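Enquirer: So the chains spell out like this:
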Amino acid sequence: MKEAPRVVGRGLITLLVASFVIYLALSLAPGDPATALAGNRATPEQVETLRQQLGLDRPVVVRYAAWLAASLHGDLGRSLQFRQDTASLIEPRLGVTFLLVGYAFLLILVFGIGLGLLPSVRSWLSWPVVVVTALGISIPAFVAAMILIQVFALNLGWFPVLGTSNGDLRDQLWHLTLPAIALAISWVAYVGQITRASVREQAGKEHVDTARGRGLAPRAIFSKHVLRNAAIPIITISGLALAALVAGSIVVETAFGIGGIGSLLVTSVLAKDYDVVLAISMIFVLAFVVATTVADLALVALDPRLRSKMSA
Amino acid sequence: MSTLATAPHEWSVGTVLRRLDPVLTVVTVVLVALVVVAICAPFLAPYPPEQIDLLDANQAPSAAHLLGTDSLGRDILSRLIYGARLTFLGPTLIILLATIAGVSLTISSVWIGGTYDRIVSRALDILFAIPGILVAVIAVAIIGPGLIAPVIALSLAYTPYLARVLRSVAMRERHLAYIEAGTLMGLSGWAIGWRHLVPNVMPMVRAQAALAFGAALVDLAAVSYIGLGVQSPIPEWGVMVAEGQAALLNGYPWQAISAGIAIVVVVLLVNVAGERLALRLERPR
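These protein sequence lines are chains A and B, in that order. Residue numbering for the first sequence follows the numbering used here, beginning at 1 and increasing consecutively. Residue numbering for the second sequence follows the numbering used here, beginning at 313 and increasing consecutively.
Mixed in with the good hints there might be a few duds.
For each label pair, taking beta carbons as the anchor points, the in silico distance ranges come out as [to be verified]:
#	chain 1	residue 1	chain 2	residue 2	range
1	B	A345	A	A42	58 to 68 Å
2	A	P218	B	P334	30 to 40 Å
3	A	A65	B	G458	50 to 60 Å
4	B	R592	A	E206	24 to 34 Å
Okay, the calculated bits of chain B under chain A, using three or more residues with CB under 8 Å as the criterion [claimed, not checked]:
#	region
5	534-545
6	561-569
7	578-586
Hints were generated in silico from the structure; no laboratory data involved. This one's a predicted model, so the numbers in the text were calculated from it and none came from an experiment. All C-beta atoms in this analysis are idealised placements derived from N, C-alpha and C, irrespective of residue type, glycine included.
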């Protein structure tokens with residue numbers, strides 16, 4: 001695939017510019033890290049020395065370049081709140097967030113696409129699917145969290161109310177089930193809508209009628225002519241969904257008291273712990289760019305027409 | 313235009329009724345009613361929204377308190393009615409700002425083209441890569457918690473979304489004959505853009521703005537829910553869900569559930585309105 005470098009290059013440029021914009025924005029935040037680090041008893045001279053040590057007297061572009069170089073070597077600065085390296089603070093929480101997002105993404109693929117395909121299997125299911133997806137799209141993750149906690153944790157007692165587990169993977173997944181459902185619910189509905197609409201549109205195309213006229217087996221028509229074309233918007237939306245799930249972890253981790261990077265971002269903003277805010281923001285943007293780039297690459301692999309269009 | 317010949321029938325009761333979309337009409341009426349309720353909150357709410365009554369805390373729904381009371385004994389229905397004000401005002405501001413920015417950027421870049429168009433498109437692409445809620449959180453880190461930071465941030469975040477959908481429509485319109493006619497008549501680009509191009513993309517803008525309104529409402533309420541937006545004791549639905557969560561865990565679910573359902577109902581209505589408006593575009597009268 002000779003288009004791959006182009007797609008990846010575009011992703012890298014987006015990442016670079018977006019990270020600079022975020023760096024610039026956060027450098028506008030009030031409060032001086034040098035004063036905060038030096039503590040209350042520091043003299044103005046000590047603060048000034050610290051400011052020079054930290055490089056805060058240099059222009060923002062230079063500081064950004066230095067930050068970028070350091071972060072590529074795994075140095076993400078220091079957390080004022082936890083008095084710890086940002087990298088070692090984030091690392092264990094990253095796994096929790098990725099597990100949550102991966103779990104939710106799996107739910108979206110299975111139930112979202114499944115829901116959208118139901119009407120083509122049983123046509124009387126078309127209306128119920130329309131109603132269920134319209135309702136599902138309108139349920140925000142934190143509202144879903146309340147309903148799930150009330151019903152499945154408090155009333156039925158099937159799942160734990162809050163928190164994460166330090167146990168084995170099975171126990172962790174058990175703790176993350178309600179959060180993953182809350183995170184996934186509106187995207188399951190959205191992917192379901194897109195899948196249904198896309199399959200319907202493709203099934204009405206002339207080449208499908210022709211295939212039917214030629215007497216091809218319905219199953220073969222569906223997989224080779226309908227599904228393959230219908231997959232294009234589904235893949236794009238799935239890429240966006242994956243990216244949005246990572247950002248959605250901010251809300252869901254707070255709702256369920258999960259110690260991932262999403263809830264850490266919220267506490268860091270409230271504590272004005274800017275190195276941590278910066279690092280986590282970058283991880284979110286990185287996740288977005290990776291997810292959309294992978295979706296773009298999948299599209300190129302699937303649709304030969306896009307190959308010539310993209311390299312044109 | 314052939315409207316002259318049909319003009320007498322255009323507005324007859326029968327034609328208007330046939331042209332009305334019943335679903336869209338019902339949804340619009342309900343939404344307008346909710347906005348009226350929010351505006352008339354002082355006359356409709358049975359209790360002042362911040363009136364604390366600890367002896368009456370965590371009451372289940374009853375005749376005195378139709379939706380029960382919260383952990384400080386405040387009337388949940390009254391807080392819901394007052395809370396509707398900020399809950400509606402925030403997304404309205406966001407969509408208004410994002411639509412103005414999105415329409416002007418798209419129309420100008422489609423009209424001017426060239427390098428300007430490329431720069432605007434790339435800038436919007438990059439903005440699109442930063443999730444809305446993250447933009448809001450970063451804005452709160454800079455400006456501080458409240459309504460202002462998330463509203464500004466989400467206006468920015470929704471601009472590329474609205475611009476993107478508009479672009480294809482604007483591109484198509486740009487190359488239609490009436491635009492060329494305007495140019496030949498010596499109209500300025502500004503006049504053609506604002507008097508002819510903008511009115512013609514407006515139906516599309518309305519549909520997308522309605523769909524974006526629901527998403528903006530959810531994002532803004534989520535920011536309040538995680539404690540970075542509107543702060544208690546100001547009533548707002550996201551704040552109410554957050555405050556209600558503590559009560560819910562103690563066995564008093566009324567506040568969290570009623571505020572949550574209120575959000576779902578409004579978002580559902582707005583989404584249906586947006587879908588219907590979009591549907592009308594596909595099937596021109």
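Enquirer: Could one say that the CB atoms of A345 (chain B) and A42 (chain A) fall in the range 58 to 68 Å?
Expert: Given about 60 Å between the Cβ atoms, the range holds.
Enquirer: Using the beta carbons of R592 (chain B) and E206 (chain A), state whether their distance is inside 24 to 34 Å or not.
Expert: Holds, at about 26 Å.
Enquirer: Measuring from beta carbon to beta carbon, are A65 (chain A) and G458 (chain B) in 50 to 60 Å?
Expert: violated, 33 Å
Enquirer: Are there at least three residues in the region 561-569 of chain B whose beta carbon sits under 8 Å from a beta carbon of chain A?
Expert: n = 5 at 8 Å, threshold three: holds.
Enquirer: Please check whether the region 534-545 of chain B has three or more residues whose CB lies within less than 8 Å of a CB on chain A.
Expert: holds (count 5)
Enquirer: At least three residues with a C-beta closer than 8 Å to a C-beta of chain A: is that true for the region 578-586 of chain B?
Expert: holds (count 4)
Enquirer: Can you tell me whether the CB distance of P218 (chain A) to P334 (chain B) sits inside 30 to 40 Å?
Expert: With Cβ atoms ~36 Å apart, the hint holds.
Checked against the numbered hints above, the structure breaks only hint 3 and satisfies the rest.
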